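Engineer: Chain A is already provided as a structure; the job is to place chain B on it using the hints.
So the sequences go chain by chain: A and B.
Quick note: the first sequence, position 210, residue 210 per the working numbering, numbers continuous.
With positions in the second sequence counted from 1, the corresponding number in the working numbering is that position plus 332.
Just so you know, not all the hints are guaranteed correct.
What the hints assert, rightly or not - In silico DSS-like cross-links for lysine-lysine, where the CA-CA straight-line distance does not exceed 27 Å:
{"#": "1", "chain 1": "B", "residue 1": "Lys523", "chain 2": "B", "residue 2": "Lys578"}
{"#": "2", "chain 1": "A", "residue 1": "Lys21", "chain 2": "B", "residue 2": "Lys460"}
{"#": "3", "chain 1": "B", "residue 1": "Lys460", "chain 2": "A", "residue 2": "Lys191"}
{"#": "4", "chain 1": "B", "residue 1": "Lys429", "chain 2": "A", "residue 2": "Lys261"}
{"#": "5", "chain 1": "A", "residue 1": "Lys138", "chain 2": "B", "residue 2": "Lys353"}
{"#": "6", "chain 1": "B", "residue 1": "Lys578", "chain 2": "A", "residue 2": "Lys98"}
{"#": "7", "chain 1": "A", "residue 1": "Lys98", "chain 2": "B", "residue 2": "Lys588"}
{"#": "8", "chain 1": "A", "residue 1": "Lys256", "chain 2": "B", "residue 2": "Lys430"}
{"#": "9", "chain 1": "B", "residue 1": "Lys429", "chain 2": "A", "residue 2": "Lys97"}
{"#": "10", "chain 1": "B", "residue 1": "Lys662", "chain 2": "A", "residue 2": "Lys128"}
{"#": "11", "chain 1": "B", "residue 1": "Lys353", "chain 2": "A", "residue 2": "Lys164"}
{"#": "12", "chain 1": "A", "residue 1": "Lys97", "chain 2": "B", "residue 2": "Lys486"}
{"#": "13", "chain 1": "B", "residue 1": "Lys460", "chain 2": "A", "residue 2": "Lys97"}
{"#": "14", "chain 1": "B", "residue 1": "Lys353", "chain 2": "A", "residue 2": "Lys21"}
{"#": "15", "chain 1": "A", "residue 1": "Lys21", "chain 2": "B", "residue 2": "Lys470"}
{"#": "16", "chain 1": "B", "residue 1": "Lys353", "chain 2": "A", "residue 2": "Lys154"}
{"#": "17", "chain 1": "B", "residue 1": "Lys460", "chain 2": "A", "residue 2": "Lys138"}
{"#": "18", "chain 1": "A", "residue 1": "Lys330", "chain 2": "A", "residue 2": "Lys312"}
{"#": "19", "chain 1": "B", "residue 1": "Lys578", "chain 2": "A", "residue 2": "Lys128"}
{"#": "20", "chain 1": "B", "residue 1": "Lys523", "chain 2": "A", "residue 2": "Lys128"}
{"#": "21", "chain 1": "B", "residue 1": "Lys470", "chain 2": "A", "residue 2": "Lys138"}
{"#": "22", "chain 1": "A", "residue 1": "Lys154", "chain 2": "B", "residue 2": "Lys429"}
I should point out that these hints are in silico values taken from the structure, not numbers from a laboratory.
Model, not experiment: these values are computed from the prediction.
Protein chains: 2
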Amino acid sequence: MGMETSPFLDSVNQKILSIIKDNSSPFLQEVIADHFSHPGKMLRPQLAHGIGQSLSVPEHLLVSWAAACEIFHNATLIHDDLQDGDEYRRGHPTTWKKYGAAQAINAGDLLLMCGQQIIYNSDLSADKQIQLAALFSKMGCKIVNGQTLEFSVKDLSDLPNIEKNYIECIGLKTAALFADLAVGVALLANKDTNFQNKIHHIFDLLGKIFQIQDDILDLYGDKGRGQKGCDLQEGKMSFLVVTHLKHHPLDLHIIKPILVKPRDATTFQDIENIENLFQQKQTLEKSLTEMNTMISTIRNDIWLKENVALYKYTNELLTKLLKPIQFLFKIS
Amino acid sequence: MGMETSPFLDSVNQKILSIIKDNSSPFLQEVIADHFSHPGKMLRPQLAHGIGQSLSVPEHLLVSWAAACEIFHNATLIHDDLQDGDEYRRGHPTTWKKYGAAQAINAGDLLLMCGQQIIYNSDLSADKQIQLAALFSKMGCKIVNGQTLEFSVKDLSDLPNIEKNYIECIGLKTAALFADLAVGVALLANKDTNFQNKIHHIFDLLGKIFQIQDDILDLYGDKGRGQKGCDLQEGKMSFLVVTHLKHHPLDLHIIKPILVKPRDATTFQDIENIENLFQQKQTLEKSLTEMNTMISTIRNDIWLKENVALYKYTNELLTKLLKPIQFLFKIS
Numbered sequence: 001m002g003m004e005t006s007p008f009l010d011s012v013n014q015k016i017l018s019i020i021k022d023n024s025s026p027f028l029q030e031v032i033a034d035h036f037s038h039p040g041k042m043l044r045p046q047l048a049h050g051i052g053q054s055l056s057v058p059e060h061l062l063v064s065w066a067a068a069c070e071i072f073h074n075a076t077l078i079h080d081d082l083q084d085g086d087e088y089r090r091g092h093p094t095t096w097k098k099y100g101a102a103q104a105i106n107a108g109d110l111l112l113m114c115g116q117q118i119i120y121n122s123d124l125s126a127d128k129q130i131q132l133a134a135l136f137s138k139m140g141c142k143i144v145n146g147q148t149l150e151f152s153v154k155d156l157s158d159l160p161n162i163e164k165n166y167i168e169c170i171g172l173k174t175a176a177l178f179a180d181l182a183v184g185v186a187l188l189a190n191k192d193t194n195f196q197n198k199i200h201h202i203f204d205l206l207g208k209i210f211q212i213q214d215d216i217l218d219l220y221g222d223k224g225r226g227q228k229g230c231d232l233q234e235g236k237m238s239f240l241v242v243t244h245l246k247h248h249p250l251d252l253h254i255i256k257p258i259l260v261k262p263r264d265a266t267t268f269q270d271i272e273n274i275e276n277l278f279q280q281k282q283t284l285e286k287s288l289t290e291m292n293t294m295i296s297t298i299r300n301d302i303w304l305k306e307n308v309a310l311y312k313y314t315n316e317l318l319t320k321l322l323k324p325i326q327f328l329f330k331i332s
Numbered sequence: 333m334g335m336e337t338s339p340f341l342d343s344v345n346q347k348i349l350s351i352i353k354d355n356s357s358p359f360l361q362e363v364i365a366d367h368f369s370h371p372g373k374m375l376r377p378q379l380a381h382g383i384g385q386s387l388s389v390p391e392h393l394l395v396s397w398a399a400a401c402e403i404f405h406n407a408t409l410i411h412d413d414l415q416d417g418d419e420y421r422r423g424h425p426t427t428w429k430k431y432g433a434a435q436a437i438n439a440g441d442l443l444l445m446c447g448q449q450i451i452y453n454s455d456l457s458a459d460k461q462i463q464l465a466a467l468f469s470k471m472g473c474k475i476v477n478g479q480t481l482e483f484s485v486k487d488l489s490d491l492p493n494i495e496k497n498y499i500e501c502i503g504l505k506t507a508a509l510f511a512d513l514a515v516g517v518a519l520l521a522n523k524d525t526n527f528q529n530k531i532h533h534i535f536d537l538l539g540k541i542f543q544i545q546d547d548i549l550d551l552y553g554d555k556g557r558g559q560k561g562c563d564l565q566e567g568k569m570s571f572l573v574v575t576h577l578k579h580h581p582l583d584l585h586i587i588k589p590i591l592v593k594p595r596d597a598t599t600f601q602d603i604e605n606i607e608n609l610f611q612q613k614q615t616l617e618k619s620l621t622e623m624n625t626m627i628s629t630i631r632n633d634i635w636l637k638e639n640v641a642l643y644k645y646t647n648e649l650l651t652k653l654l655k656p657i658q659f660l661f662k663i664s
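The shape of chain A in the complex, shown without the other chains:
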């Protein structure tokens, strides 16, 4: 991913800033501009661009869809940070930390409400605008449901279904924005429902792989948050915990007390205890094996192979997404 910039990402950014300006009072504009002053990798616009290129969609048609998805994504980040009590994002204080909870709710709400205007202001046909806007709304609802589910997954009360519930949760919270974003690009490429379903399947898997990679990175890599095991500290459910508890449900009595502890009460020793437990029982290796199965499903998908340009892009994307944890595959 790196810190790529491109004329396409610049256009997306301009579109986002302009719709915010059109819809905000000076104060709210300041709050939101502050958040966007650290735009991150803009992974989702990059996805829209990559998929769009492989489906021969003209760039200018992709800008609106990419901008709408990115603006929605940032709305959820602002609300998530408040819900999770996260004080830093992209190395800077989060919106609620800087402007208070009430204004963080407002900033997120504004972004939730204005994103769709980018679709209506585009030069797409009326039917296409409605299809995209309806998809956008449904995608948004899925992600909110994923956020809701996360809170019930992390209380660890339904151990027998923990993997199923976790996968459902990341399918909604993370992968919906990959899968439905891809469906939107397929719509722009005038692809039929069958194609839309197939690309949804592939990018749903990719989104889940991305989230699992992110979970693993939290303990075994550097996420730039200055400290490893943040997810464990915050009591977030991660694929490592899920995989471990699936194979060793009796370890719940060791893991649960650490996860449910308030963030500030979690010690380095707690994190190390979990790390040792994972090492003893080869949890990382098991997790990587499961990831490999998902990766193979994509790389061997017959439909995808037939769509040569999309197959090529998807493989490049997989390599990019997995780069931060690639060294772990080599070790294990």
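Structural biologist: Okay, now just chain B, sitting in the frame of chain A:
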């Protein structure tokens, strides 16, 4: 408004519940259904119906627009209650109080994202759907900006502009949902831009009158919250405070300390002190006089008089909206 029900309001309710069901996990559905189990007066759907009838719009065309506006309104109520720390609404615990802040954010977010689907699922033409959805999005942004502005109005730092800022704030936070709702109905009635601007002006005034009535009711009527002066207790800006400070800016040193006090620290004596201050300096009378000017503007509007059915409905509506404080006009 009373507790009117009607086949129209039933249809609106069904449409709302069905779109929530289509877009929510069982848990989130429960959270939102709990909020909607005390639906309030459904004033905004009533407005859509009343305006629609006076513009001869078929009822079935109005249901979607009324439902979308009502669902949006309830999203803002759920978030507002959290932002303001209100523990009761319509006599029942608020969503954040019952399910926690994180799930209240999620419930509001879901409602913000799914309302527009009601428009896409309607049998309106594609162009009409886009016009309404774009209006819906812009209206939503105005209301979020009003909510943002409220926090800066209530800190009382800009005394010379207090009336201007307050009117701007209620124009966005309350009146936008009257004015743009009316514009939406005008769109459904195939009215031109000039008509839309005129009806916007009238219903913007009506929305402001409604809010001012609500402000006055807080101290001089019964809002069903079991106690008078709730707004003062919560430090909310009200038309009474604004009017008083406009005429007697030096009283800031009496009023401000009471408004900025934490809710629980505000005493009955505090509320009574403000009430006495208002009585000494005839603040209620001055407020009612200003309201009367706004009311006359509507009742004497030449364009409105020419639209006989709309004029008749608007006058009935004014009478209804002012009913809770009618006795004050008679006394003063």
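Engineer: Now tell me if each hint is right for this structure.
Structural biologist: For each hint, the structure was consulted:
1. Lys523(B) with Lys578(B): 40 Å, violated
2. Lys21(A) with Lys460(B): 25 Å, holds
3. Lys460(B) with Lys191(A): Distance of about 25 Å is within 27 Å: holds.
4. Lys429(B) with Lys261(A): 22 Å, holds
5. Lys138(A) with Lys353(B): 12 Å, holds
6. Lys578(B) with Lys98(A): Not OK: Lys578(B) and Lys98(A) at ~32 Å, beyond 27 Å, violated.
7. Lys98(A) with Lys588(B): 25 Å, holds
8. Lys256(A) with Lys430(B): Satisfied, since the Cα-Cα distance of roughly 25 Å is no more than 27 Å.
9. Lys429(B) with Lys97(A): This hinted pair holds, its Cα atoms lying about 22 Å apart.
10. Lys662(B) with Lys128(A): Judged against 27 Å, a Cα distance of about 57 Å means the pair is violated.
11. Lys353(B) with Lys164(A): Status holds; Cα separation ~22 Å.
12. Lys97(A) with Lys486(B): 21 Å, holds
13. Lys460(B) with Lys97(A): Judged against 27 Å, a Cα distance of about 41 Å means the pair is violated.
14. Lys353(B) with Lys21(A): 34 Å, violated
15. Lys21(A) with Lys470(B): With Cα atoms ~12 Å apart, Lys21(A) and Lys470(B) stay inside 27 Å; holds.
16. Lys353(B) with Lys154(A): 24 Å, holds
17. Lys460(B) with Lys138(A): OK: Lys460(B) and Lys138(A) at ~20 Å, within 27 Å.
18. Lys330(A) with Lys312(A): 23 Å, holds
19. Lys578(B) with Lys128(A): Distance ~52 Å between Lys578(B) and Lys128(A) Cα, so the pair is violated.
20. Lys523(B) with Lys128(A): 25 Å, holds
21. Lys470(B) with Lys138(A): This hinted pair holds, its Cα atoms lying about 19 Å apart.
22. Lys154(A) with Lys429(B): 21 Å, holds
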